[in-house]
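Chemist: So the chains spell out like this:
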Amino acid sequence: MSGLAVEGLCVEGPAGPILQDVSFAVGPGEIVALTGESGSGKSMTALSLMRLLPEGLQQKAGRVTLGGTDLGALTERQMCRVRGARIGMVFQEPMTALNPVQTIGAQVTETLRLHAGVRRDEAEAKARDMLARVGLPEERFPLTRYPHELSGGQRQRVVIALAICQRPEVLIADEPTTALDVTTQAQILDLLRALVAEFGMGLILITHDLAVVAGMADRLVVMKDGGVVEQGATAEVLRTPREGYTRALLAASSHRPAAPPARQGTPLLQVRDVVRTYPGARAGLFGARRPVTAVDGVSLTIGQGERVGLVGESGCGKSTLTRAILGLEPVQAGSIALDGQPVEAVRGRIQVVFQDPYGSFNPRHRVRRLVSEPFHLLPRRPGTREGAARVAEALEAVGLRASDSGRYIHEFSGGQRQRIAMARALILRPDLIVLDEAVSALDVSVRARILDLLSDLSARLGLAYLFISHDLAVVRGVTERVLVMKAGRIVEEGATEAVFAAPRHPYTAELIAAAPVLPDWTAREESA
Amino acid sequence: MGGGARPTMMRYLLRRTAILIASLAVASVLIFAVIEIVPGDPATTMLGINARPDTVAALREELGLGRSAPVRYLDWVGGMLRGDFGTSYTYRTPVAGMIADRLWVSLPLALIALALSTAIAFPAGIYAAARRGRAGDAGVTLATQAGIAVPNFWFAMILVLVFSINLGWFGAGGFPGWGAGPWPALKALVLPAVALALPQAAILTRVMRSALIETLGEDYIRTARAKGLTRGQAIRRHALRNALIPVLTILGLQFAFLLAGGIIIEQVFYLPGLGRLIFQAISARDLIVVESVVMLLVFAVILVNFLVDLAYAAVDPRLRAR
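Chains G and P are the protein sequences, given in the same order. For the first sequence, the positions run 1 to 528 when full-length UniProt numbering is used. For the second sequence, the positions run 1 to 322 when full-length UniProt numbering is used.
Calculated directly from the structure, the hints in this document are not laboratory data. It cannot be assumed that every hint is accurate.
Unchecked claim - What the simulated footprint calls covered on chain G by chain P, stretch by stretch (three residues with Cβ under 8 Å from a Cβ of chain P suffice, anywhere in the stretch; the number is not a length):
{"#": "1", "region": "58-69"}
{"#": "2", "region": "297-311"}
What the hints assert, rightly or not - Facing chain P, according to a computed beta carbon distance under 8 Å, are these residues of chain G, among others:
{"#": "3", "residue": "50"}
{"#": "4", "residue": "53"}
{"#": "5", "residue": "80"}
{"#": "6", "residue": "81"}
{"#": "7", "residue": "98"}
{"#": "8", "residue": "99"}
{"#": "9", "residue": "100"}
{"#": "10", "residue": "101"}
{"#": "11", "residue": "143"}
{"#": "12", "residue": "152"}
{"#": "13", "residue": "162"}
{"#": "14", "residue": "277"}
{"#": "15", "residue": "278"}
Glycine is no exception: its CB is placed at the ideal position from the N, C-alpha and C atoms.
Just chain G, same shape as in the assembly (with noise of 0.2 Å):
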């Protein structure tokens, strides 16, 4: 037969079954998506038909045959042939995964002269049409650029390039648009949609964002705990799921929290025409530094206890924006107070939590001192019996317990850790919390639950939220209004249903449009 099948695939590591009896197909001219939370097996499954497992992980049954070949019966060097020919693989970050030091001609020339054995100018004409092909047109971006004068979607057009100039007969894409804004996330699920259409080849989509699947697949596998929990065809799979699983995960998906009661509050922080610029690289050998202006007169104004929410691409200015309001650099013009006061001044106030919940602790340290590193902001550190009275306060508040507080980091889970965060954030009893990407990095189900979290606290406690984030489908469900951002300017603002039904300004009707959105049947379902 033509296309992938998968059939009964176990994969074993040294702590156990990583997959157990995974079996799909995938035909020609087909999208086929791979969904689940993390650790659900998605990214190991990719990686055993590719035959590339990590050191340690070893294949224990099952046949993966791939137009008719059993891939499993090849030696290592008949399977080299197979890939980047036949199968193609796109990857997660498009910042990581082209080689720094040579040119993107190189990286493409480099799949066709290994499979097709041609000559330099030959491949070499190829690559170019290739590039042209993903949208990388010769005059524009010749062969002779490295990938660090390449955006991250120009880098996956490169990613892509390579892995389709050998036409393969599947392309395996894990997360291919999950490290890209929403515009060029719509561009990248574009171009791979069209590719498959024109070439015919088979597509397996990874992805955990289900709004992307019900816009690409075709048929749709949900994974859970290295097993397939449920597959069909896509719309029926999220119209009637027979799974408990894939009923829970639609629901967290489309999760929106109780929104707490809107507060007629006073102004909290006020930023007034705020303008921060960087020195920025040298015209000629001496010249002088030009200025860039990464925020360019911002204002904006939070009240007591109200949550708003910053949109806005990679470089427009949210995360300079978001450290001027912490107080953390110096701006060039304007200011930035929190009840009138500077906000140097009344930085323990405003507390952050940021996105990644891996990299923002110290690991060395127990709980108990994570939480309570905000103290040094306070005039008179609280004494020891102070102290963890308010860390146990803390724990307790985001769900977590007090006995906790003597653990350590990695016995954590990332949901867990996103809850010590807060813990940390909320330890000082601050006024407004900065929400930077705070959810972003969660599984939809462990996201829905610290949201629940986020409405509770700001309803018990009156809190306000600074929420930024990428994803408009979260920024809808838990602000009350949102700002809209673009080349350092503040574009649109305005309360969030009213933005969202009837943008005003283009640039919000466009990332509007660019958003994948879980069709509406997903939301009757959910609350019937």
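Following the hints, complete the assembly by docking chain P onto the known chain G.
Modeler: Just chain P now, with coordinates in the frame of chain G:
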């Protein structure tokens, strides 16, 4: 971004050259200050505190110490630029000639040692990294452990014992000079170069191994494998060049050390090299020689750093923009 590869590379080159010249200027001022000004009167330093006043006065006259420090500094630097390093007080011969003689021993010795150490370290490091955690890797790691732990003069003595005394393949020491043709001279440098190279090779092997292991975990190696490259091809075509930056750094440091740091080896093999020259000059308090040799070594270190910087840029296009 912006600009083609050429203007960026040109700018990088000009910038590095400017840094090279500035470093040399700063280094020369520091050396001059430390040797001629800070300790007090150089003539007294050279002759000792018990010297007769008229001897000191004569030396002061000879060294031109009556002139102001800036004038003497400019005179010294100007002389070096013309190739005139002054006259040794102890040997009464031009320092330039003495340095040149010694350089003809030390430079080939350092280059041979460096070539040997690279020739050992690259294959060994690559082999160990490719077989990480297996027997071959453990063997290489054990050997490097020994290479680092054992002092090079002990290696030197063992080499002499085995290859000179027992086998009689090489002389036990001394240097015939290049006048008798290249072979006798090269032959005299083989054992010292091996003794110098072994510990360096051990260090370099470890750096190569760990740099390569780190690179092999990178995403682009996975991309290369997914393209259909074998493990070996992925290492050769993609990992190696990316792993070179730390290796080049260590190589640069090693060359600077080998040029003058081989003093113990020079003693063991009775080689008239730079290390011995500076040792003798310091013992004899011949500040004129010390000053010039130190300046020469500093020049060598700065020049090697400059070359390493150029090598970085050749290896990694991202560095050219800096």
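Chemist: Was the hint right that residue 143 of chain G lines chain P, CB cutoff 8 Å?
Modeler: 12 Å, violated
Chemist: Taking 8 Å as the limit, does the beta-carbon of residue 50 of chain G come near enough to a beta-carbon in chain P?
Modeler: 6 Å, holds
Chemist: Please verify that hint: residue 152 of chain G, Cβ, nearest Cβ of chain P, below 8 Å or not.
Modeler: 13 Å, violated
Chemist: Would the hint on residue 81 of chain G be counted as holding, given a Cβ-Cβ threshold of 8 Å to chain P?
Modeler: 6 Å, holds
Chemist: Could you check if residue 98 of chain G really has its C-beta closer than 8 Å to a C-beta on chain P?
Modeler: Where the cut-off is 8 Å and the nearest Cβ of chain P is about 6 Å from residue 98 of chain G, the hint holds.
Chemist: Under 8 Å is the threshold here; is the Cβ of residue 162 of chain G close enough to any Cβ of chain P for the hint to stand?
Modeler: Given a least distance of 6 Å, the restraint on residue 162 of chain G holds.
Chemist: How does the coverage statement for the region 58-69 of chain G fare against chain P, requiring three or more residues with Cβ below 8 Å from a Cβ of that chain?
Modeler: violated (count 0)
Chemist: Quick check: do three or more residues in the region 297-311 of chain G have a beta carbon closer than 8 Å to a beta carbon of chain P?
Modeler: Our answer is that it is violated, as 0 residues pass the Cβ test (under 8 Å) against chain P, missing three.
Chemist: The hint names residue 278 of chain G as touching chain P; please verify it with the least Cβ-Cβ distance against 8 Å.
Modeler: Since the shortest Cβ distance to chain P is 16 Å, the answer is violated.
Chemist: Does residue 53 of chain G meet its interface restraint, that is, does its C-beta lie within less than 8 Å of any C-beta in chain P?
Modeler: 11 Å, violated
Chemist: Regarding the hint that residue 100 of chain G lies at the interface with chain P, is the smallest CB-CB distance below 8 Å?
Modeler: 6 Å, holds
Chemist: Given residue 101 of chain G was flagged as interface, is its beta-carbon under 8 Å from a beta-carbon of chain P?
Modeler: 5 Å, holds
Of the numbered hints stated above, those contradicted by the structure are hints 1, 2, 4, 11, 12, 14, 15, listed in ascending order.
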